[in-house]
Amino acid sequence: MLLIRFMISKEKILTIAAFAMFMLTFASSAFAKDKIIWVDVDAPPFYILEGSDKGKGVVDEITLLLQKNMPQYDHEHRVINLSRLMYMMRNGEHVCHAALFRTSEREAEALFSSIPTDIVPPVGITIKADRKDDFPDHDNCSLAELLEKKKLRVGIAADRSYGKPLDNILKRNEGSSLVYARSGADIYSGLLRMLLAGRIDFILGSPLEAGYIHKKMDVGDSVINIPIRENMEYTMGYAACPKNEWGRGVMTEIERILKERRNTDEYRDIFEKWLDKGSLDRFRKAYSAHFLKESLTENNNSDGRK
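With our numbering, you'll find the sequence shown wraps up at 366, consecutive numbering, no jumps.
Simulated from the structure, these hints should not be mistaken for laboratory data.
For every residue, glycine included, the Cβ atom is placed at its ideal position computed from N, Cα and C.
Treat the hints loosely; a few may be bogus.
[Claimed, not checked] Heads up, simulated DMTMM-like pairs for lysine to aspartate or glutamate below, C-alpha to C-alpha not over 25 Å straight-line:
1. Lys211 to Glu290
2. Lys275 to Asp246
3. Lys319 to Asp94
4. Lys353 to Glu315
5. Lys192 to Glu165
[As the list claims (entries may be wrong)] What follows is a list of derived Cβ distance ranges for each label pair:
6. Gly309 to Lys231: 42 to 52 Å
7. Met277 to Arg316: 32 to 42 Å
8. Lys114 to Asp329: 14 to 24 Å
9. Lys231 to Lys210: 18 to 28 Å
10. Glu305 to Lys211: 57 to 67 Å
11. Glu165 to Gly309: 17 to 27 Å
12. Tyr147 to Asn200: 25 to 35 Å
13. Pro131 to Leu238: 53 to 63 Å
14. Asn228 to His350: 20 to 30 Å
15. Leu124 to Ser282: 30 to 40 Å
Please take these sequences and the hints and turn them into a complete structure.
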């Protein structure tokens, strides 16, 4: 009789233990946070994946701001290329990008925020500050005139597109000794060293990219960035998530945060810390006149470059 009672008690204990484990598992899954996978790309100064400025890139900071204001989600970072990102979007995976440039192909596969998260200044030129007099129209330089009339030598990245207007000018001067195309690693750093040594007269590049390299190489005020007449348009990036119910829910939260935070000094400083003093005034005008007023419906024909 004692043996039977012991066996029954043992069976009850095992049953209770199993039920408790089931309830614990159920409770954990019921209260577990949903997770967003945020995409990182190795593209400083938009993403900085190593070094003393790790995590301080433009899109790094935008992503972090969104994460801090979405505590109801868990957040994970993954370094993947954009082809893989779009594949994950098509499959409805819980992945988002904080600042993706729009194309018609991407709009067919991803849900974009109605207002931009990111503003990228147009490609301009970097010159030595003490040679400013060689560029008299320094607020409205023409790349074509610099190459074809003033006979100044430009440094560019080989096989890189700078946008159709500038690409057309470079193509007209293809093979000219006035166009030096650099390839390999650390392209902009190498071009900057050539500029400082007087081997080229100016560099074609993004002011944000230039600001990052200038800071990294500690060149101070010895170089400045100036705009190009043929390329004055700022480009916008938008948050992107899958085109499904989950993506729409996340996007609602993203847009709420953007409406609250974009018109703050903290948000604007994400971009300005990578710009030289000469670019700040132009950037602030564009930030107020275009970025804060821009919406997806107002700019439906914009092409993307990222």
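Against the structure, the hints:
For the given pair, Lys211 sits about 18 Å from Glu290 by alpha-carbon distance, which is consistent with the 25 Å threshold. With a C-alpha separation of about 14 Å, the suggested pair Lys275 and Asp246 falls inside the 25 Å cut-off, and the hint holds. Taking the CA atoms of Lys319 and Asp94, the gap is near 23 Å; set against the 25 Å cutoff, the hint holds. About 14 Å separates the Cα atoms of Lys353 and Glu315, which keeps this hinted pair within 25 Å; it holds.
Note on Lys192 and Glu165: the hinted pairing is violated, with a Cα-Cα distance of about 42 Å set against a maximum of 25 Å. Between Gly309 and Lys231 the beta carbons are some 46 Å apart, a value that agrees with the proposed interval 42 to 52 Å. Between Met277 and Arg316, the C-beta spacing of about 40 Å keeps the proposed range 32 to 42 Å intact. Roughly 18 Å separates the CB atoms of Lys114 and Asp329, a value that falls within the hinted 14 to 24 Å.
Distance hint check: the CB atoms of Lys231 and Lys210 are about 19 Å apart, consistent with the given range 18 to 28 Å. Our hint of 57 to 67 Å for Glu305 and Lys211 holds, since their Cβ atoms are close to 60 Å apart. For Glu165 and Gly309, the Cβ-Cβ distance of about 24 Å falls inside the hinted range of 17 to 27 Å, so the restraint holds. Taken as a hint, the range 25 to 35 Å is violated for the pair Tyr147 and Asn200, whose Cβ atoms sit roughly 43 Å apart.
Between Pro131 and Leu238 the Cβ separation comes to about 55 Å, which falls inside the hinted range of 53 to 63 Å. For Asn228 and His350, the hinted distance range of 20 to 30 Å is satisfied, since their beta carbons lie about 24 Å from each other. Distance hint check for Leu124 and Ser282: the Cβ-Cβ separation is about 32 Å, which falls inside the suggested range of 30 to 40 Å.
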